[in-house]
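Position chain B against the provided structure of chain A, taking the given hints into account.
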Amino acid sequence: MPKIKLPTQSPHIDMTPMVDLFSVVLIFLMLTTTMRQPEPANVDTPFSISETPTPDFNMMTFLLAPDGKVFMNFDNGPDTILAFRPKILQEMGKRYEIEFTEAELRFFQKYKSSIGVPILQMKEFLGTDDNNVRNSLNIGIPIDSADNQLAMWILYARQVNPSIQACIKGDSETEFATVERVLDILQEKNVNRFNLITSLEAAKINLEEIQQ
Amino acid sequence: MAEIIQEEKGKGGKKRAKKHPPHIDMTPMVDLMCLLIVFFMLTTAFNKAKIMEIILPEKIKDPTKQEAPRISASRTLNILLGPDGKIYTYPGSVKPEEYSAVPPILPPLNETDYSPEGIRKLMLDKNKTLARRIAEFRQEVVSGKIQISPDSVRSTISKMKSDDDTGPIVLIKAYKKANYGNFVDILDEMNICGIASYMFTKITWYEEKMVETAAGITPTLSSSNNP
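Taken in sequence, the protein lines are chains A and B.
Per my numbering, residue 780 is the first one in the first sequence, and the count goes up by one each step.
Per my numbering, residue 91 is the first one in the second sequence, and the count goes up by one each step.
It cannot be assumed that every hint is accurate.
Claimed, not checked - Label-pair ranges, simulated between beta-carbon atoms:
(1) Glu-952/A with Leu-199/B: 22 to 30 Å
(2) Val-804/A with Lys-292/B: 49 to 57 Å
(3) Glu-952/A with Pro-206/B: 52 to 60 Å
(4) Glu-226/B with Gln-966/A: 31 to 39 Å
As the list claims (entries may be wrong) - Listed next, the in silico EDC-like pairs over lysine to aspartate or glutamate satisfying Cα-Cα at most 16 Å (straight line):
(5) Lys-138/B with Glu-967/A
(6) Lys-902/A with Asp-923/A
(7) Lys-267/B with Asp-854/A
(8) Lys-266/B with Asp-963/A
(9) Lys-889/A with Glu-959/A
(10) Lys-292/B with Asp-963/A
(11) Lys-263/B with Asp-203/B
(12) Lys-266/B with Asp-854/A
(13) Lys-266/B with Glu-818/A
(14) Lys-267/B with Glu-818/A
(15) Lys-267/B with Glu-226/B
(16) Lys-267/B with Glu-952/A
(17) Lys-292/B with Glu-967/A
(18) Lys-873/A with Glu-883/A
(19) Lys-138/B with Asp-174/B
(20) Lys-263/B with Glu-201/B
(21) Lys-263/B with Glu-226/B
(22) Lys-176/B with Glu-148/B
(23) Lys-968/A with Glu-148/B
(24) Lys-149/B with Glu-870/A
(25) Lys-266/B with Glu-207/B
(26) Lys-891/A with Glu-830/A
(27) Lys-138/B with Asp-835/A
(28) Lys-866/A with Asp-854/A
(29) Lys-149/B with Asp-963/A
(30) Lys-149/B with Glu-959/A
(31) Lys-267/B with Glu-302/B
(32) Lys-266/B with Glu-302/B
Think of the hints as simulated: they come from the structure by calculation, not from any bench.
Every residue gets a Cβ at the ideal spot worked out from N, C-alpha and C, and that includes glycine.
Looking at chain A on its own, in the form it has when it is part of the complex (with noise of 0.2 Å):
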């Protein structure tokens, strides 16, 4: 029997479905996404079994590193024509006597990171367009007493938005010592009520534990 010769042909793939599942991903997920913020710190959160999510506005959330730095952040308020961040820069500003442009306050409105710059070198660090710069300058804000710019921008948060809550992200590994200092200066400030920001984990305990 003589073989019969198949044509070799190139097998066509209809690729137009799978074109379409992967638009329809790809729109969803543009839509939905918020984007994760790159932080100056990597920061592992605790755990706990609190189910109140994170609020969107008017937060300061007080980022603690595991290697002791402490930084800041906040948001523009509800609204963005409020923009609470240029007016919270410029009472610091006011405060140690430095005059902010008008670019540099837009550009601290813009910037979505915890800052932890010290506001000697806040002209610079917004000035700069070098990321390395940048980071470089981005050490952690000074809370010991003889220099507590922590203090002051607690103070003027508070003083611009009235309403700014205080939320405290710490590294598991984060020393307590430095918690306590960051608690101890927002007292100071008459802040008492504090959100610890948590991710969710399940604990159970079954009655019949309790009954033994």
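Chain B only, in chain A's frame:
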């Protein structure tokens, strides 16, 4: 390769020159879309972080006005957060004079840890009645016996807590070498066990000493609370 297949229509009409269906190579587009999807999936924060609220007692600016809160010593349980994930607990209270006395009069310090068999068992043991009532109530809500809104679940539980007068009064104090994770863990443990009254207070110098002795740390000189 991908292609768009076009159906030929109108076979009965005029004879035209045979049209080739246009071949569009979709591979680069698919590649790009894959990349974008991966990018968005990695940068999307799907689950939002949760918050746990704590309220600290107001600081008293004038120390002369400070009055020690009157709480019954038999219900008091002190939790000292030590270094390396250790917890020390002791009942009652210690006065500085008692520590300085020779020999010091110290309550037994009990060492435990953050595991469910450690501190959770201890807390549930002390808080049996209330924990059981809360757990039973939750069970009834989950199983559908009681149908109320989540808000009233919360308020019912907080009512149960404020009515309770058998559970322990927990004082939490953190040694400076404890970490933030321990702090959150212990507050979380209080929530899990349904402890009605707990308080976070500053550690005293003699409690620091007690932790140091128990954990075998040579005391540091930085302790500013030392008289």
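Hint check:
Checked against the hint of 22 to 30 Å, the C-beta distance between Glu-952/A and Leu-199/B comes to roughly 25 Å, which is consistent with it. For Val-804/A and Lys-292/B, the hinted distance range of 49 to 57 Å is satisfied, since their beta carbons lie about 53 Å from each other. In this structure, Glu-952/A and Pro-206/B break the distance hint of 52 to 60 Å, their C-beta atoms being roughly 22 Å apart. Take Glu-226/B and Gln-966/A: their Cβ atoms lie about 38 Å apart, and the range 31 to 39 Å holds.
About 30 Å separates the Cα atoms of Lys-138/B and Glu-967/A, which puts this hinted pair outside 16 Å; it is violated. At roughly 22 Å between alpha-carbon atoms, Lys-902/A and Asp-923/A are farther apart than 16 Å, so this suggested pair is violated. Annotation: proposed proximity of Lys-267/B to Asp-854/A is violated, straight-line Cα distance about 32 Å (limit 16 Å). As the CA atoms of Lys-266/B and Asp-963/A are separated by approximately 14 Å, the hinted pair is consistent with the 16 Å bound.
The suggested pairing of Lys-889/A with Glu-959/A is violated, with an alpha-carbon distance near 31 Å, which exceeds 16 Å. Distance restraint check for Lys-292/B and Asp-963/A: the Cα-Cα separation of roughly 10 Å lies within the 16 Å cut-off, and the hinted pair is therefore satisfied. Under the criterion of a C-alpha separation no larger than 16 Å, the hint pairing Lys-263/B with Asp-203/B is consistent with the structure, at around 15 Å. In summary, the hint linking Lys-266/B to Asp-854/A is not supported, as the alpha carbons are separated by about 31 Å, beyond the 16 Å threshold.
Restraint check for Lys-266/B and Glu-818/A: not satisfied, since their Cα atoms lie roughly 26 Å apart, outside the 16 Å limit. Between Lys-267/B and Glu-818/A the alpha-carbon distance is near 25 Å, which puts this suggested pair outside the 16 Å criterion. Using a Cα cut-off of 16 Å, the hinted pair Lys-267/B and Glu-226/B is violated, with the two alpha carbons roughly 38 Å apart. As the CA atoms of Lys-267/B and Glu-952/A are separated by approximately 10 Å, the hinted pair is consistent with the 16 Å bound.
A hinted pair counts as satisfied when its Cα atoms are at most 16 Å apart, and Lys-292/B with Glu-967/A qualifies at roughly 15 Å. As the CA atoms of Lys-873/A and Glu-883/A are separated by approximately 15 Å, the hinted pair is consistent with the 16 Å bound. Between Lys-138/B and Asp-174/B the CA atoms are separated by roughly 30 Å; this puts the pair beyond 16 Å, and the hint is violated. Straight-line distance between C-alpha atoms of Lys-263/B and Glu-201/B comes to about 14 Å, which keeps the hinted pair within the 16 Å bound.
Of the pairs offered as hints, the one joining Lys-263/B and Glu-226/B is violated, with about 31 Å between alpha carbons and a cut-off of 16 Å exceeded. Between the alpha carbons of Lys-176/B and Glu-148/B the distance comes to roughly 28 Å, so the proposed pair goes past 16 Å and is violated. With a C-alpha separation of about 11 Å, the suggested pair Lys-968/A and Glu-148/B falls inside the 16 Å cut-off, and the hint holds. For the suggested pair Lys-149/B and Glu-870/A, the alpha carbons sit about 27 Å apart, so the restraint of at most 16 Å is broken.
Taking the CA atoms of Lys-266/B and Glu-207/B, the gap is near 25 Å; set against the 16 Å cutoff, the hint is violated. Restraint check for Lys-891/A and Glu-830/A: not satisfied, since their Cα atoms lie roughly 25 Å apart, outside the 16 Å limit. Between Lys-138/B and Asp-835/A, the direct Cα distance comes to roughly 10 Å. Compliance with the 16 Å bound is thereby established for this hinted pair. Between Lys-866/A and Asp-854/A the alpha-carbon distance is near 11 Å, which keeps this suggested pair within the 16 Å criterion.
A threshold of 16 Å between alpha carbons decides the hint, and for Lys-149/B with Asp-963/A the separation of about 9 Å falls inside it, so the pair holds. With a C-alpha separation of about 13 Å, the suggested pairing of Lys-149/B with Glu-959/A holds against the 16 Å cut-off. For a cut-off of 16 Å, the pair hint linking Lys-267/B to Glu-302/B stands: about 10 Å separates their Cα positions. Restraint check for Lys-266/B and Glu-302/B: satisfied, since their Cα atoms lie roughly 11 Å apart, inside the 16 Å limit.
Checked against the numbered hints given earlier, this structure breaks hints 3, 5, 6, 7, 9, 12, 13, 14, 15, 19, 21, 22, 24, 25 and 26; the rest are met.
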